[in-house]
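Here the protein sequences line up with chains A and B, keeping their order.
Residue 275 in the working numbering sits at position 275 of the first sequence, with consecutive numbering throughout.
Residue 20 in the working numbering sits at position 20 of the second sequence, with consecutive numbering throughout.
Treat the hints with caution; some may be incorrect.
What the hints assert, rightly or not - Residues of chain B clear of chain A, computed beta-carbon distances all greater than 10 Å:
| hint | residue |
| --- | --- |
| 1 | A9 |
| 2 | P15 |
| 3 | G16 |
| 4 | G29 |
| 5 | V165 |
| 6 | I186 |
| 7 | L255 |
| 8 | L261 |
| 9 | T270 |
| 10 | H286 |
Claimed, not checked - Not the full set, but computed from the structure, chain B residues with beta-carbon under 7 Å of chain A:
| hint | residue |
| --- | --- |
| 11 | H17 |
| 12 | I21 |
| 13 | R33 |
| 14 | E35 |
| 15 | T38 |
| 16 | G99 |
| 17 | A105 |
| 18 | P130 |
| 19 | A149 |
| 20 | L151 |
| 21 | G154 |
| 22 | A226 |
| 23 | E247 |
Said to hold, decoys possible - A few chain A residues that don't get close to chain B, going by computed Cβ distances all over 10 Å:
| hint | residue |
| --- | --- |
| 24 | A10 |
| 25 | Y63 |
| 26 | L118 |
Rather than coming from a laboratory, the hints here were simulated on the basis of the structure.
C-beta atoms are modelled at their ideal positions from N, C-alpha and C, and glycine is treated no differently.
Protein chains: 2
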Amino acid sequence: VLVGPGDDAAVVAPPGHPLAITTDALVEGTHFRREWLTQEELGARAATVNLSDLAAMAAQPAYVLIAIAAPSEMVAADLDRLIDAFTARSEAAGALVIGGNLARAPVLSLTVTALGWLDGPCLTRQGAKPGDRLVVTGTLGGAAAAVSAWLGGGSPPAPVRERFVNPVARITAGRALAAAGAHAAIDVSDGLMQDLGHLCRASGVGAAIERERLPRLAEVRALDAAGADFAATGGEDYELLFAWPAEREAQLDDLARSLELPLTVIGHCTEDVDRIDLLLPDGAVHRTGPRAGFDHFAVPPEAPGRGVDVEARSPTRAGGAKR
Amino acid sequence: VLVGPGDDAAVVAPPGHPLAITTDALVEGTHFRREWLTQEELGARAATVNLSDLAAMAAQPAYVLIAIAAPSEMVAADLDRLIDAFTARSEAAGALVIGGNLARAPVLSLTVTALGWLDGPCLTRQGAKPGDRLVVTGTLGGAAAAVSAWLGGGSPPAPVRERFVNPVARITAGRALAAAGAHAAIDVSDGLMQDLGHLCRASGVGAAIERERLPRLAEVRALDAAGADFAATGGEDYELLFAWPAEREAQLDDLARSLELPLTVIGHCTEDVDRIDLLLPDGAVHRTGPRAGFDHFAVPPEAPGRGVDVEARSPTRAGGAKR
Chain A
1 VLVGPGDDAA VVAPPGHPLA ITTDALVEGT HFRREWLTQE ELGARAATVN
51 LSDLAAMAAQ PAYVLIAIAA PSEMVAADLD RLIDAFTARS EAAGALVIGG
101 NLARAPVLSL TVTALGWLDG PCLTRQGAKP GDRLVVTGTL GGAAAAVSAW
151 LGGGSPPAPV RERFVNPVAR ITAGRALAAA GAHAAIDVSD GLMQDLGHLC
201 RASGVGAAIE RERLPRLAEV RALDAAGADF AATGGEDYEL LFAWPAEREA
251 QLDDLARSLE LPLTVIGHCT EDVDRIDLLL PDGAVHRTGP RAGFDHFAVP
301 PEAPGRGVDV EARSPTRAGG AKR
Chain B
1 VLVGPGDDAA VVAPPGHPLA ITTDALVEGT HFRREWLTQE ELGARAATVN
51 LSDLAAMAAQ PAYVLIAIAA PSEMVAADLD RLIDAFTARS EAAGALVIGG
101 NLARAPVLSL TVTALGWLDG PCLTRQGAKP GDRLVVTGTL GGAAAAVSAW
151 LGGGSPPAPV RERFVNPVAR ITAGRALAAA GAHAAIDVSD GLMQDLGHLC
201 RASGVGAAIE RERLPRLAEV RALDAAGADF AATGGEDYEL LFAWPAEREA
251 QLDDLARSLE LPLTVIGHCT EDVDRIDLLL PDGAVHRTGP RAGFDHFAVP
301 PEAPGRGVDV EARSPTRAGG AKR
């Protein structure tokens, strides 16, 4: 860091590696309610959801910036706790806080930009091939189960709550999977089915997965069909979904042991582009398009058929080439 | 750009130069009201206020990311216009849009991260010396005069409105001033007096400036004392304030001509650290601390004396070294 926080911009030394850059926001009322989690948990979570995007690229986190918009009644001590936790979580992942911004707004929002070095192979959403095994880290549906409990007026069991308030960015796993030859990856932020759709669309493949195989905490499994639905479509688990060459499926056990992290095969890629089949336990097949899952931004009725997915729209507008 | 928008993160090739990075937000109700400006003007302005931070470092803009939080009733066509204008303004400055995020929120906010290469000398807030001339580009107070007119229920004259809705990031000027040997610079975003305070604090100098010298549009000058106050403390003009070696003051005329941009000497740096004197036309001196100007985030009464300036607080927390 040549110029740290406190100037018009931070300045970092030229790296010897390509640089991965991502930005993501947590908005009160959309992504969380303040009574659900402490300031410390919120600050750490803001770091994690962005570090997770770097994990999905197999990048080594290097720098983060945080733009906070906060209501005027929020006390400085709360902001301190939030920023301290954000800083600690970032630094634990190897990322220095090099900048920030603070503005007043009606609700609390945290917009983070994370930068990481690609000092090894890069994982993108492209590269999955028909026959590839689809594998997820950790467990799914816990965050959605926690939100459901809160919205229902209750309190989630501690392990379920933990999945929402304290997700883990799978940085080591992402880098190990890339080094071991994974074909593609995405982090599960919008819900498995939606993020699987993103991966399939980018790779030009379809997918078939089995609902019963979706890894769940015991507390989520106990919710039966609702728990299965949380695992399939609930977002914000920040696990990695990756495509893995079928002929090396046996290697996953070794990887899971060395990472001390469950790696679960939930299905495989197919040749049927944009067709994603979710096999239910009774043998029925729930067929979805590539956009199932939670969409923060419904298309308004004034503009039928128009999507507002910045990620999907920007390549042509920005003139940015996909690699 | 190795991986453009549409993946978990963008990936850019390793640069041969240090990288400047900044993040800043425009929040509806805090920084603007939607009836004040068009979607196109808002999108372009979001780019400019961030590019201005790069200009103050003398960096060449390379990449931008935009995180949009928008109310659900905002139509897709409006978002399109906003993003198109953001993209066009960024590209005109040499910066590609490499990523974005879209979330729902009660009010519209645009949080932009801008990255630029330092392929020449870097300007920071440090480096001003006693005796240095304090110089500003363009004119001051126009943006504040426009806001004042709107808040008063009127409409600002066109040239004044333009200063708010269509500020110019002084990228070429910043780089030329750095190359020509300016000692320090900051962009005037929070108001001249406050930003001058930042520069003085970082450089360990004081300052004396003359209010009558502050460059103003004729329409701002016509506002008399109010116009002078807008120029001294109004924010969001996005001009550059820089410290220039006194012995080369004559060179400023040539620079202004080649940049086709007024460069106005408004005062000089002194040895009295943190003492900033604003000389009024009647000979009186208005002495301010380093924090005059508009503060988006007042210190709440629960925490007397506690500042919540992320920029000022972060260096120790982040462990980031000032260069």
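Tested hints:
no., hint, in the structure
1, A9, "violated, 4 Å"
2, P15, "violated, 5 Å"
3, G16, "violated, 6 Å"
4, G29, "violated, 7 Å"
5, V165, "holds, 19 Å"
6, I186, "violated, 6 Å"
7, L255, "holds, 20 Å"
8, L261, "holds, 19 Å"
9, T270, "holds, 22 Å"
10, H286, "holds, 26 Å"
11, H17, "holds, 5 Å"
12, I21, "holds, 5 Å"
13, R33, "violated, 13 Å"
14, E35, "violated, 17 Å"
15, T38, "violated, 18 Å"
16, G99, "holds, 6 Å"
17, A105, "holds, 5 Å"
18, P130, "violated, 21 Å"
19, A149, "violated, 22 Å"
20, L151, "violated, 16 Å"
21, G154, "violated, 25 Å"
22, A226, "violated, 24 Å"
23, E247, "violated, 26 Å"
24, A10, "violated, 5 Å"
25, Y63, "violated, 7 Å"
26, L118, "violated, 6 Å"
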